[in-house]
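Asker: Use these hints to put chain D onto chain F, whose structure you have.
Protein chains: 2
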Amino acid sequence: MNKQLLFVKRPIGDADATTWELASNPIPEIEEGQLLIKQHYVSLDPAMRGWMNNSKSYIAPMEIGSVMRAGSVGEVIASKNPDFQVGQYVAGIGGVQQYAVTDGQGYYPVDPKMAPLPTYIGTLGMTGMTAYFGITEVGKIKEGDVVLVSGAAGAVGSIVGQVAKIKGCTVVGIAGGADKCKYVVEELGFDTCIDYKNENVATKLKEYCPKGIDVYFDNVGGDILDIALTRLRRHARIVICGAISQYNNKTAIKGPSNYLSLLVNRASMQGMVVFDYADRYKEGALQLGTWMAEGKLKSREAIYEGIENFPETYNRLFTGDKKGKLVLKVIE
Amino acid sequence: MNKQLLFVKRPIGDADATTWELASNPIPEIEEGQLLIKQHYVSLDPAMRGWMNNSKSYIAPMEIGSVMRAGSVGEVIASKNPDFQVGQYVAGIGGVQQYAVTDGQGYYPVDPKMAPLPTYIGTLGMTGMTAYFGITEVGKIKEGDVVLVSGAAGAVGSIVGQVAKIKGCTVVGIAGGADKCKYVVEELGFDTCIDYKNENVATKLKEYCPKGIDVYFDNVGGDILDIALTRLRRHARIVICGAISQYNNKTAIKGPSNYLSLLVNRASMQGMVVFDYADRYKEGALQLGTWMAEGKLKSREAIYEGIENFPETYNRLFTGDKKGKLVLKVIE
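These protein sequence lines are chains F and D, in that order. Each residue of the first sequence is one higher than the last, beginning at 581 in my numbering. Each residue of the second sequence is one higher than the last, beginning at 581 in my numbering.
The following block holds chain F by itself, in its conformation from the complex (with noise of 0.2 Å):
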């Protein structure tokens, strides 16, 4: 049989139980040109949130009764697609089950022995791959640059900090409290990152920024987001990732109230879907392996257990409770 988890209605605000049903289905069959896999770990992305309202965005809303998209990386057990071979990993967009059935369009190998699974949807992932083009490519640091991260302890900013020290920026985080503000510059090698949760982030940002910053790689929208515009360096780069702040709100989200910042400091603000960089994953994933082999660059996952835990564990992406990126192993 294949657990899965199938999304049953659209949250107004948070996501909770009600949320989600698990299934248990027969295994389906495959057709000429399908293969099989037996799916190891789902990736819990922010992301998800938006994907769940019935708004025109970068992709296709979810369907009521569909199972929950997600990133995935496993094993194929079975073929009918000359592309794919039994016995191979391959990682995709397989959705929160423990067997998906696809004729291959965007699954891709990995290799088990270069690095641990849940890698693959984290570091050398679309969550890599995000913050590898994101900061380089959108945020076109360079060295000597100083650049702030918010959700520095998160998937994707504890990978754009870490690329921006390597590339010789001066780099400052944001996270939610002094434990994973110590990670941040103690494992990460951030040069500083502030509490936002303990400490008055504004006199901070002055205080570690005393020039002002010139790549600010935003994570959370909302107040720190409008207290970035605030130290903004001539002809400084936003880039827009995400916006967690404000992904569960039930009315308008927060604008930037100093997006004039922008004009004062010849500022640009753009926004990023990784999916544009989709031909050019190799390279970025190629970049931060080799990093990830020369010891520059950690890739850490906070890795949970058992399909039914789907909704706790989805919950600690906006409470913050854990560090890394969040996978969840779906099978035994």
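Because the hints were derived from the structure by calculation, they are not lab data. What you are looking at is a predicted structure, and each value in this text was computed from that prediction instead of being measured. Incorrect hints may appear among the rest.
The list makes no distinction among identical chains, and a pair is therefore deemed to hold if it is satisfied within one copy or across any two copies.
[Stated by the list, open to error] Distance condition first, Cα-Cα at most 20 Å in a straight line; then the derived PhoX-like pairs of lysine-lysine: (1) 862 / 903; (2) 636 / 791; (3) 834 / 862; (4) 589 / 636; (5) 786 / 636; (6) 660 / 834; (7) 722 / 862; (8) 745 / 834; (9) 784 / 722; (10) 777 / 660; (11) 777 / 903; (12) 903 / 876; (13) 589 / 834; (14) 903 / 720; (15) 878 / 583.
Answerer: Here is chain D on its own, set in the frame of chain F:
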């Protein structure tokens, strides 16, 4: 005697009669290196409201008691500066006064035989440069783009839209009132114009730009910026030139709630200040002047008279009671 308008009180909200005082002072003697200019026209611009605030911006705040800052054009009537000759006409930042003494810095010669004097503080001055470099360099327009321009009947907006038409774009304006919209379409050649005072901007924008917009040139901010954000095409560019709807706010300005449309559409929002293009003003003026001579570009000034009428003329910037570039003749 030299009639001068002094800035005597920082306004909270709207500027009013108490913001300025008219003074009459002797025309100063010039010293070695200086020149004396008899000023004919001064420029009135929404940016003036920002200069009155005591806050960090792209230019120092005006000091209390100083001559009101303004672009100006006039005739050199005395010179102890080898770069300027008596009888020459010059433009610069001479302030709201009848006679200006300067060391010549920031002044450049203009030719009243080529164009009427007010044009040199309008289409061939900072206004034209803002429009030209804003829409071409920041907006990066290309043939076939759908371009939206707010403040379309105003000084900058009217030029932006005409330049975009010359460059082969489809151009939609937004202006206040049926009369202005008629002017924008029939006189300036925009494809369509939305009357924000009497029409539903969101509905009309959808009707006029069914496939969305590639570039939004924003002079107004507020609700119209938020509506424009809902209609972005992929890789759209928003040029933040101004936010006249917010300049007289007594509370925090309204940030664009729909800014996450930048993410969804991989779009950017970038601020601009015309001074950054100072080394290319000649190129810009030559291009705009050529288009004017060819009859492709219309330049319109709304000229009022009398330095004592500055406050009520200034007020027209915000009531919108004028078309084109607002200019005040300050001398007989």
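Asker: If the cutoff is 20 Å on CA atoms, where do residue 589 and residue 834 land: within, between, both or neither? Let me know, please.
Answerer: Neither: 25 Å inside a copy, 33 Å across copies.
Asker: When no copy is specified for residue 862 and residue 903, does a C-alpha distance of 20 Å or less occur within a copy, between copies, both, or neither?
Answerer: neither (26 Å within a copy, 55 Å between copies)
Asker: Give the relationship of residue 636 and residue 791 under a CA distance limit of 20 Å: within one copy only, between copies only, both, or neither.
Answerer: Between. Shortest inter-copy distance 14 Å satisfies the 20 Å Cα cut-off; intra-copy 39 Å does not.
Asker: Give the relationship of residue 784 and residue 722 under a CA distance limit of 20 Å: within one copy only, between copies only, both, or neither.
Answerer: neither (24 Å within a copy, 43 Å between copies)
Asker: At most 20 Å between C-alpha atoms: does residue 786 with residue 636 qualify within a copy, between copies, both, or neither?
Answerer: between (38 Å within a copy, 15 Å between copies)
Asker: When Cα atoms must be at most 20 Å apart, do residue 903 and residue 720 count as within-copy, between-copy, both, or neither?
Answerer: Classified as neither; 26 Å inside a copy, 41 Å across copies.
Asker: Can you tell me if residue 777 and residue 903 fall within 20 Å by alpha carbon in one copy, between copies, both or neither?
Answerer: within (16 Å within a copy, 51 Å between copies)
Asker: At most 20 Å between CA atoms: does that hold for residue 878 and residue 583 within a copy, between copies, both, or neither?
Answerer: neither (33 Å within a copy, 69 Å between copies)
Asker: Within, between, both or neither: how does the pair residue 745, residue 834 come out at a Cα-Cα threshold of 20 Å?
Answerer: The answer is neither: 31 Å in one copy and 35 Å across copies each exceed 20 Å.
Asker: If the cut is 20 Å between Cα atoms, do residue 834 and residue 862 qualify within a copy, between copies, both or neither?
Answerer: For residue 834 and residue 862, neither the intra-copy (36 Å) nor the inter-copy (42 Å) Cα distance is at most 20 Å.
Asker: For residue 777 and residue 660, with the copy left unspecified, which applies at a CA distance of at most 20 Å: within, between, both, or neither?
Answerer: Intra 52 Å, inter 63 Å, cutoff 20 Å: neither.
Asker: Tell me, please, which holds for residue 722 and residue 862 at an alpha-carbon limit of 20 Å: within, between, both or neither?
Answerer: neither (22 Å within a copy, 32 Å between copies)
Figure legend: structure checked against the earlier numbered hints; hints not met, in rising order: 1, 3, 6, 7, 8, 9, 10, 13, 14 and 15.
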